[in-house]
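Protein chains: 2
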Amino acid sequence: MGELDIRPAEADDVPAIVAMLADDPLGAQRESPDDLTPYLAALERLAADPNQHLMVAVRADRVIGTLQLTIIPGLSRRGATRSIVEAVRVHADERGSGLGTQLIEWAVDESRRQGCGLVQLTSDASRTDAHRFYERLGFEASHVGFKLSL
Amino acid sequence: MGELDIRPAEADDVPAIVAMLADDPLGAQRESPDDLTPYLAALERLAADPNQHLMVAVRADRVIGTLQLTIIPGLSRRGATRSIVEAVRVHADERGSGLGTQLIEWAVDESRRQGCGLVQLTSDASRTDAHRFYERLGFEASHVGFKLSL
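As you go down the protein sequences, you meet chains Z and X in turn. Using my numbering, you'd call the opening residue of the first sequence number 1 and step up by one each time. Using my numbering, you'd call the opening residue of the second sequence number 151 and step up by one each time.
What the hints contain is simulated information worked out from the structure, not anything from laboratory work. Take these hints with a grain of salt, some might be off.
Said to hold, decoys possible - Where chain X lies over chain Z, by a calculated footprint (3+ residues, C-beta under 8 Å): (1) 28-37; (2) 47-57; (3) 90-103; (4) 127-137.
Claimed, not checked - Simulated DEER-style distance windows between Cβ atoms: (5) Arg7/Z / Ala198/X: 41 to 51 Å; (6) Ser126/Z / Gly152/X: 39 to 49 Å; (7) Ala178/X / Thr101/Z: 47 to 57 Å; (8) Asp185/X / Ser142/Z: 22 to 32 Å; (9) Arg113/Z / Gln252/X: 36 to 46 Å; (10) Asp185/X / Gly96/Z: 40 to 50 Å.
It should be emphasised that the depicted structure is a prediction, and the values quoted were computed from it without experimental measurement. C-beta atoms are modelled at their ideal positions from N, C-alpha and C, and glycine is treated no differently.
Let the hints inform the model, and build the full structure from the sequences given.
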């Protein structure tokens, strides 16, 4: 299998990340893998923000997973810092390999290292497999997630 | 009634913000209004991060509401920036006055001004009044919100 490396994403990783975002029942409708310009601009914004961690999982020089971890300070819960996990994707060839677990465990460990008191994420109501996955990892489905498109 | 001002929070506002966080069925168990030290430290972290906007609503020199808006760049949805609203609170004396709506409208307008494609928030599953409130404002309860305490 080779060693798994979870490291910050670079510009060269963007095509593989966007391909994973698009290879998904929800993502297929909202991504444009043929035009990487907006993604590369977003990577520059992410790289300039020390509280953003866009990561890739790499094995044998191949990008096989990604997630974004955001560190959010705040006043509530006695000034607790929290983290938010977004855009978790595992390459279709790697599903069922435990890579999703390794990615989330990385995010939880990094959140703890950065002094967070809470890790949170939202998952589309239609992704019932993902919900079971997060509950197995100890997450509690305690909230309703609301979105407003602008 | 006097003019409503929604402006960035300052250290002098922290006692009033923490009192609102604590005056809540969920917050009462997890806040410590008698010791402001952790809250003041968190305010310094927030002030140092240009993507964090901890706001207070003030009328006649009195802090009557608060929310935190976080701007999050990202690759998904064609490099869309999103915003997250956290810690929305309205003083008990002001509930039903439309102030909650004004706070959320401020957050939506500011998100639009900063080029966000999406505003998101999570609300505890027990806060059914809040859910109706967000749906009235156009938010869709499309996601499940997961949390893991560290």
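TODO: Can you take a look at whether the segment 47-57 of chain Z is actually covered by chain X? Rule is 3+ residues, C-beta closer than 8 Å.
DONE: holds (count 4)
TODO: Return holds or violated for the Cβ distance of Ala178/X and Thr101/Z against the range 47 to 57 Å.
DONE: violated (36 Å)
Open item on the list: Looking only at beta-carbon atoms, does the pair Ser126/Z, Gly152/X fall within the given range of 39 to 49 Å?
Closed with: Since Ser126/Z and Gly152/X have Cβ atoms about 46 Å apart, the given range 39 to 49 Å holds.
Open item on the list: Count the residues of the segment 90-103 of chain Z whose Cβ falls closer than 8 Å to any Cβ of chain X, and tell me whether that reaches three.
Closed with: Not satisfied, violated; 0 residues make the cut.
Task: Within 8 Å of chain X's CB atoms, at least three CB atoms from the segment 28-37 of chain Z: coverage verdict - done: holds (count 3)
TODO: Could you say whether the range 41 to 51 Å given as a hint is met by the Cβ separation of Arg7/Z and Ala198/X?
DONE: violated (26 Å)
- [ ] Go ahead and decide if the range 36 to 46 Å is satisfied by the Cβ distance of Arg113/Z to Gln252/X.
- [x] holds (39 Å)
- [ ] Could you say whether the range 22 to 32 Å given as a hint is met by the Cβ separation of Asp185/X and Ser142/Z?
- [x] Holds, since Asp185/X and Ser142/Z (Cβ atoms, about 26 Å apart) stay within the stated range.
Task: Per-stretch coverage check for the segment 127-137 of chain Z, three Cβ contacts closer than 8 Å to chain X - done: holds (count 4)
Task: Cβ separation of Asp185/X and Gly96/Z, checked against the hinted range 40 to 50 Å - done: Taking Cβ atoms as reference, Asp185/X and Gly96/Z lie about 48 Å apart, which means the hint holds.
Violated hints, in rising order: 3, 5 and 7; the structure is consistent with all others.
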